[in-house]
Amino acid sequence: MNAKIDYTLHLADTTLILSQRNSEWCGHGPILEQDIAITNISLDLIGQARNFYQYAAKLIGNTDEDKIAYLRTEREFKNLLLAEQPNGDWGQTILRQYFFSQYQYLLYQQLQNSKDEQLAAIAAKAIKETSYHLRWSGEWVIRLGEGTDESHQRMLNAVNELWGYTGEMFIPATYESPVVKENTGVSVDSLKQPWLEKVKTIFEEATITVPEKVFMHSGGKEGKHTEHLGFILTELQYMQRAYPNSEW
Amino acid sequence: MPVQNFEKIFQEKIDNEIKIEPKDWMPDAYRKTNIRQISQHAHSEIVGMLPEGNWISRAPSLKRKAILLAKVQDEAGHGLYLYSACETLGISREETINDLHSGKAKYSSIFNYPTLTWADIGAIGWLVDGAAIMNQVMLTRTSYGPYARAMVRICKEESFHQRQGFESLLVLSKGTKEQREMCQDAINRWWWPALMMFGPKDSESTNSDQGMKWKIKRKSNDELRQNFIDMITEQVKVLGMTLPDDKLKWNEERKHYDFGEINWDEFWNVVKGNGPCNKQRLQARKDAWDKGTWVREAAAAHAEKRKSKSNQQAA
Ligand SMILES: [Fe+2]
Ligand SMILES: [Fe+2]
Ligand SMILES: [Fe+2]
Numbered sequence: 001m002n003a004k005i006d007y008t009l010h011l012a013d014t015t016l017i018l019s020q021r022n023s024e025w026c027g028h029g030p031i032l033e034q035d036i037a038i039t040n041i042s043l044d045l046i047g048q049a050r051n052f053y054q055y056a057a058k059l060i061g062n063t064d065e066d067k068i069a070y071l072r073t074e075r076e077f078k079n080l081l082l083a084e085q086p087n088g089d090w091g092q093t094i095l096r097q098y099f100f101s102q103y104q105y106l107l108y109q110q111l112q113n114s115k116d117e118q119l120a121a122i123a124a125k126a127i128k129e130t131s132y133h134l135r136w137s138g139e140w141v142i143r144l145g146e147g148t149d150e151s152h153q154r155m156l157n158a159v160n161e162l163w164g165y166t167g168e169m170f171i172p173a174t175y176e177s178p179v180v181k182e183n184t185g186v187s188v189d190s191l192k193q194p195w196l197e198k199v200k201t202i203f204e205e206a207t208i209t210v211p212e213k214v215f216m217h218s219g220g221k222e223g224k225h226t227e228h229l230g231f232i233l234t235e236l237q238y239m240q241r242a243y244p245n246s247e248w
Numbered sequence: 001m002p003v004q005n006f007e008k009i010f011q012e013k014i015d016n017e018i019k020i021e022p023k024d025w026m027p028d029a030y031r032k033t034n035i036r037q038i039s040q041h042a043h044s045e046i047v048g049m050l051p052e053g054n055w056i057s058r059a060p061s062l063k064r065k066a067i068l069l070a071k072v073q074d075e076a077g078h079g080l081y082l083y084s085a086c087e088t089l090g091i092s093r094e095e096t097i098n099d100l101h102s103g104k105a106k107y108s109s110i111f112n113y114p115t116l117t118w119a120d121i122g123a124i125g126w127l128v129d130g131a132a133i134m135n136q137v138m139l140t141r142t143s144y145g146p147y148a149r150a151m152v153r154i155c156k157e158e159s160f161h162q163r164q165g166f167e168s169l170l171v172l173s174k175g176t177k178e179q180r181e182m183c184q185d186a187i188n189r190w191w192w193p194a195l196m197m198f199g200p201k202d203s204e205s206t207n208s209d210q211g212m213k214w215k216i217k218r219k220s221n222d223e224l225r226q227n228f229i230d231m232i233t234e235q236v237k238v239l240g241m242t243l244p245d246d247k248l249k250w251n252e253e254r255k256h257y258d259f260g261e262i263n264w265d266e267f268w269n270v271v272k273g274n275g276p277c278n279k280q281r282l283q284a285r286k287d288a289w290d291k292g293t294w295v296r297e298a299a300a301a302h303a304e305k306r307k308s309k310s311n312q313q314a315a
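Those sequence lines, one after another, are chains U and F.
So the first sequence is numbered by the working numbering: it starts at 1 and just counts up by one.
So the second sequence is numbered by the working numbering: it starts at 1 and just counts up by one.
It is possible that part of the hints are untrue.
[Claimed, not checked] Just the calculated beta-carbon pair ranges, DEER-fashion: (1) L116(F) x K224(U): 30 to 40 Å; (2) S308(F) x K115(U): 49 to 59 Å; (3) T201(U) x S308(F): 45 to 55 Å; (4) K125(U) x G145(F): 39 to 49 Å; (5) T201(U) x K177(F): 21 to 31 Å.
[Claimed, not checked] To give an idea of the interface, some chain F residues facing chain U are shown, with a C-beta separation under 10 Å as derived from the structure: (6) K19; (7) P22; (8) G79; (9) E178; (10) P244; (11) K247.
[Claimed, not checked] Among the chain F residues that face chain U by a calculated CB cut under 7 Å, a handful are: (12) L50; (13) P114; (14) G292.
Please keep in mind that the hints were generated in silico from the structure rather than gathered at the bench.
For each residue, glycine too, the CB sits at the ideal point set by N, CA and C.
My request is simple: use the sequences and hints to build the entire structure.
This is the structure in structure tokens:
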């Protein structure tokens with residue numbers, strides 16, 4: 001039971017933190033249509049996060065989505081390190097989204113067959129959104145990789161910044177083995193090869209080479225984060241911390 | 001046909017409530033007035049994303065965060081329709097945006113005020129979107145077709161925003177002492193600027209007469225402002241809050257609320273650039289544009305490459 005709660009929180013935290021990051025673009029995007037698109041992704045992700053939190057709240061009992069999202073600390077958050085990385089330029093945000101959506105699509109494909117009906121239902125609903133995020137971000141990776149010399153260079157920088165945070169997606173956390181065994185969760189190591197194949201195809205079109213032998217950071221899933229998360233939570237949780245026990 | 005005849009046909013259409021369409025003949029001044037007004041409206045939608053966007057990362061609950069994100073995104077959509085309506089008059093989006101950045105074009109001054117607390121988000125929805133609706137409902141009947149049609153779509157969403165804003169304040173008004181204070185404080189700060197949104201008094205307004213004759217505008221600034229005051233004065237009672245005007249009083253003879261004097265010095269000061277956030281708002285827009293240059297260039301270059309590739313394949 002505890003493993004399932006942690007697993008659900010991990011799924012919730014990653015989508016919430018990435019939503020929070022993407023929402024920083026709202027009102028500041030490079031093109032009005034794309035400002036709308038990234039905000040839309042942010043909205044989809046917070047919707048998914050809420051579904052997972054509400055389910056986690058039910059499993060935990062005597063709590064709710066906001067208490068879980070707003071009153072836990074840095075060491076309790078289980079999101080992927082990738083999600084908390086700064087937006088950087090538009091290229092970096094695009095690449096972060098692409099890496100994540102490619103992973104999330106593969107994840108949801110399997111999670112929709114979970115023996116846990118609730119997790120299966122959330123994944124089945126969300127995969128439609130994810131396939132849109134994947135198409136949108138993949139197209140942008142190609143557009144920027146192939147676009148101008150400057151955009152190509154910026155994409156290389158983005159790969160440099162972010163590649164080292166992709167490995168963690170495929171390393172199971174302690175709470176993942178039990179849920180995989182019960183067929184409620186997805187075995188993430190099995191997603192690594194298909195993910196890499198897809199990334200190679202997109203990168204080839206974008207004229208970007210896939211890096212090799214890069215050191216991979218991990219720890220986010222177990223609550224050991226980069227320094228960025230503390231500041232994200234400071235903003236995210238400000239109101240609930242300053243005005244405890246209030247309805248909004 | 002001599003120009004006088006064109007003008008006569010044009011005015012007849014207007015008098016008979018027939019919409020003017022992009023390809024129709026129109027007086028130069030009519031075109032210019034519409035470009036000025038529609039682009040100013042478009043810029044207001046886009047700049048208006050900033051004060052509310054300021055609270056997205058700090059929204060107090062997941063539900064409120066999702067509502068706020070969706071609202072600010074709606075405003076971006078409004079900007080998009082309006083830039084498109086503007087383009088039908090022969091001015092590109094890029095040109096229009098350049099005019100904003102150079103300071104040649106204006107946007108609604110209300111967005112030069114800061115959002116200091118969470119309650120400001122509710123107050124903006126209720127009062128600012130509320131004031132905008134008074135104006136926009138009138139504009140669904142404006143004489144220029146594309147503008148009128150854009151307004152029909154926009155109005156539906158704006159009234160939704162207003163209800164959401166009010167509902168969010170209603171929750172605060174029933175909350176803790178701190179929440180009620182936050183709510184009253186936000187109303188106090190946004191009330192007068194919201195009244196200024198309707199523009200100068202009719203006796204001081206320069207653009208009104210011609211605008212009325214061409215049915216670009218169909219109600220005067222003072223009429224719209226009075227309607228707004230009458231509506232809000234009733235709604236504020238539901239919140240159990242007050243409006244910061246001790247002269248606000250029902251006038252049985254006029255069947256309207258009387259109200260105190262607006263601080264027009266403040267209004268003109270903000271219009272001239274001296275509001276609390278004028279500099280930051282414009283700078284934020286310019287920064288977004290400048291930081292996006294390489295993205296727009298890359299998208300254009302990529303589209304070009306794709307086109308020449310498919311041409312080669314076709315050949
Ligand atoms: Fe508006
Ligand atoms: Fe709007
Ligand atoms: Fe609105």
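Going down the list of hints, with the structure as the test:
A hinted range of 30 to 40 Å holds for the C-beta pair L116(F) and K224(U), which are about 36 Å apart. The supplied range of 49 to 59 Å is met by S308(F) and K115(U), whose beta-carbon atoms lie about 52 Å from each other. Range check, T201(U) to S308(F): Cβ separation about 23 Å, and the 45 to 55 Å hint is violated. The supplied range of 39 to 49 Å is met by K125(U) and G145(F), whose beta-carbon atoms lie about 40 Å from each other.
For T201(U) paired with K177(F), a C-beta distance near 59 Å fails the hint of 21 to 31 Å. About 26 Å separates the beta-carbon of K19(F) from the nearest beta-carbon of chain U, more than 10 Å, and the hint is not met. Hint on P22(F) is violated. Least Cβ distance to chain U is approximately 21 Å, over the 10 Å limit. Checking G79(F) against chain U by beta carbon gives a least distance of about 6 Å; that is within 10 Å, so the hint holds.
Taken as an interface hint, E178(F) checks out: its beta carbon lies about 6 Å from the nearest beta carbon of chain U, inside 10 Å. A distance limit of 10 Å between C-beta atoms decides the matter here; for P244(F) the minimum to chain U is near 24 Å, and the interface restraint is violated. Hint status for K247(F): violated, given a least beta-carbon distance of 34 Å to chain U, over 10 Å. At a threshold of 7 Å, the smallest CB-CB gap from L50(F) to chain U is about 5 Å, leaving the interface hint in force.
Here the hint on P114(F) is broken, as its CB sits about 15 Å from the closest CB of chain U, past 7 Å. At a threshold of 7 Å, the smallest CB-CB gap from G292(F) to chain U is about 3 Å, leaving the interface hint in force.
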